[in-house]
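Student: 299 is the number of the first residue of the sequence shown in this note's numbering; add one for each residue after it.
The reader is advised that the hints may include incorrect statements.
Claimed, not checked - DMTMM-like cross-link-like pairs, simulated, lysine to aspartate or glutamate; straight-line CA separation at most 25 Å:
| id | residue 1 | residue 2 |
| --- | --- | --- |
| 1 | Lys390 | Glu369 |
| 2 | Lys501 | Asp525 |
| 3 | Lys380 | Asp401 |
| 4 | Lys390 | Asp405 |
| 5 | Lys380 | Asp629 |
| 6 | Lys390 | Glu658 |
| 7 | Lys380 | Asp405 |
Stated by the list, open to error - Beta-carbon label-pair distances, calculated as ranges:
| id | residue 1 | residue 2 | range |
| --- | --- | --- | --- |
| 8 | Glu586 | Asp494 | 44 to 54 Å |
| 9 | Gly546 | Thr339 | 46 to 56 Å |
| 10 | Glu435 | Asp506 | 35 to 45 Å |
| 11 | Asp684 | Asn657 | 20 to 30 Å |
| 12 | Met463 | Gly511 | 25 to 35 Å |
Read the hints as simulated data drawn from the structure, not as lab findings.
For glycine and all other residues, C-beta sits at the position ideal for the given N, C-alpha and C.
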Amino acid sequence: MERIQMAPRPDWCSQAESYGFHFHTLEGEPYWDETACYRFTLAEIEDGIESPTEELHAMCLDLVGEVVSSERLMDQLAIPEKAWDLVAESWKFSEPSLYGRMDFSFDGTGPAKFYEYNADTPTSLYEIGFFQWLWLEQQIERGQLPAGADQFNRLQEALIERLAMIGRAGQSFHLACCRDHPEDAGTIEYLADCADQAGLSPKTLFIDEIGLGERQRFVGLDDEPVDQLFKLYPWEWMWQESFSDYVGASGTQFVEPPWKLILSNKGILPLLWERHEGHPNLLPAWFESDKRCDPGLERWVRKPLFSREGANIAIETGAGVEAQVEGPYGDGPTIIQGWCPPPRFSGHYCLIGSWVVGNEAVGMGIREDNTAITRDTSRFVPHFIDG
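All chains should be built: construct the whole structure from the sequences, respecting the hints.
Tutor: See the structure below:
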């Protein structure tokens, strides 16, 4: 694994605009960054990323089966009591999941270390599944990459296959996100295109455009029943809304299903460590209130059970907070995770995001930042496989 300086395609920005990639720049700073790329060998991908991703995913599914049968664990994960039955039922009836992203620290020389599982509402699908692959093909054509270069990336094909399996022929497939979030809107539009290629009838809308119709059914703008809904809106937010009282009886099939509320919870990290202590891909982790939390750590990371895009994550030492990202999740319970910083290449911290569709590891994206905490503004850098 190495970081390589790369000449950007001269027309990449105009291409991004023409393809609808309108969030390639955020707050005046580059989000998509092709001034560099990462080179991997096939063995590094297969043994270092792909295999651990699928093994950890299987361990996570085993954990879900345990949690849904335990009120104590549900409570420990701060899952609202009114959600317990629906979460358990969605698991019991094997309601299908679409996708998720595991974040790793990996430098190519040792086992990838699992940071967390973004299993409910991860974004960056479009830039990985489409724009990163376009970059690979065009850089090969321009002679900037070896003719035989490849990429760990069958994300788009896997999404189309999975959506064809989840979707119901002849019925609308609704996709919703919040207003005024360009990246979320781009993700929804990309998934709608994948759903269309899967033979479904996608309809996009905003979360606040979903209403309650007759017999407590959720309906869209045209009062059409929302039979299936991909919601880029976290389950923990859903359960804070007044309409959550109607979720169970609505008849809507949600993608992601309610049981994903468990996997998107950082409380799974100490539970996994408790059950698989010493696993080469896991970091030591404890609940903040756990008396077994190792007081001898020189440095550790504090994470809320529910947070996104680095918000309210803090790097701490015995002397206090060393670094922290502000956010809206500061009032909830937290976990402690052993310190394992992302590797640095040419002064840039590098985070690996490994994507799971269904139960298969299907692709990878890389985010860079100037700090050890990856945030929503962290840069996306492409990769290729050679050797």
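Student: For every hint, state whether the structure bears it out.
Tutor: How the hints compare with the structure:
{"no.": "1", "hint": "Lys390 / Glu369", "verdict": "holds (15 Å)"}
{"no.": "2", "hint": "Lys501 / Asp525", "verdict": "holds (12 Å)"}
{"no.": "3", "hint": "Lys380 / Asp401", "verdict": "violated (30 Å)"}
{"no.": "4", "hint": "Lys390 / Asp405", "verdict": "violated (39 Å)"}
{"no.": "5", "hint": "Lys380 / Asp629", "verdict": "holds (20 Å)"}
{"no.": "6", "hint": "Lys390 / Glu658", "verdict": "holds (21 Å)"}
{"no.": "7", "hint": "Lys380 / Asp405", "verdict": "violated (43 Å)"}
{"no.": "8", "hint": "Glu586 / Asp494: 44 to 54 Å", "verdict": "holds (45 Å)"}
{"no.": "9", "hint": "Gly546 / Thr339: 46 to 56 Å", "verdict": "holds (48 Å)"}
{"no.": "10", "hint": "Glu435 / Asp506: 35 to 45 Å", "verdict": "holds (39 Å)"}
{"no.": "11", "hint": "Asp684 / Asn657: 20 to 30 Å", "verdict": "holds (28 Å)"}
{"no.": "12", "hint": "Met463 / Gly511: 25 to 35 Å", "verdict": "holds (28 Å)"}
The structure shown violates the earlier hints numbered 3, 4, 7.
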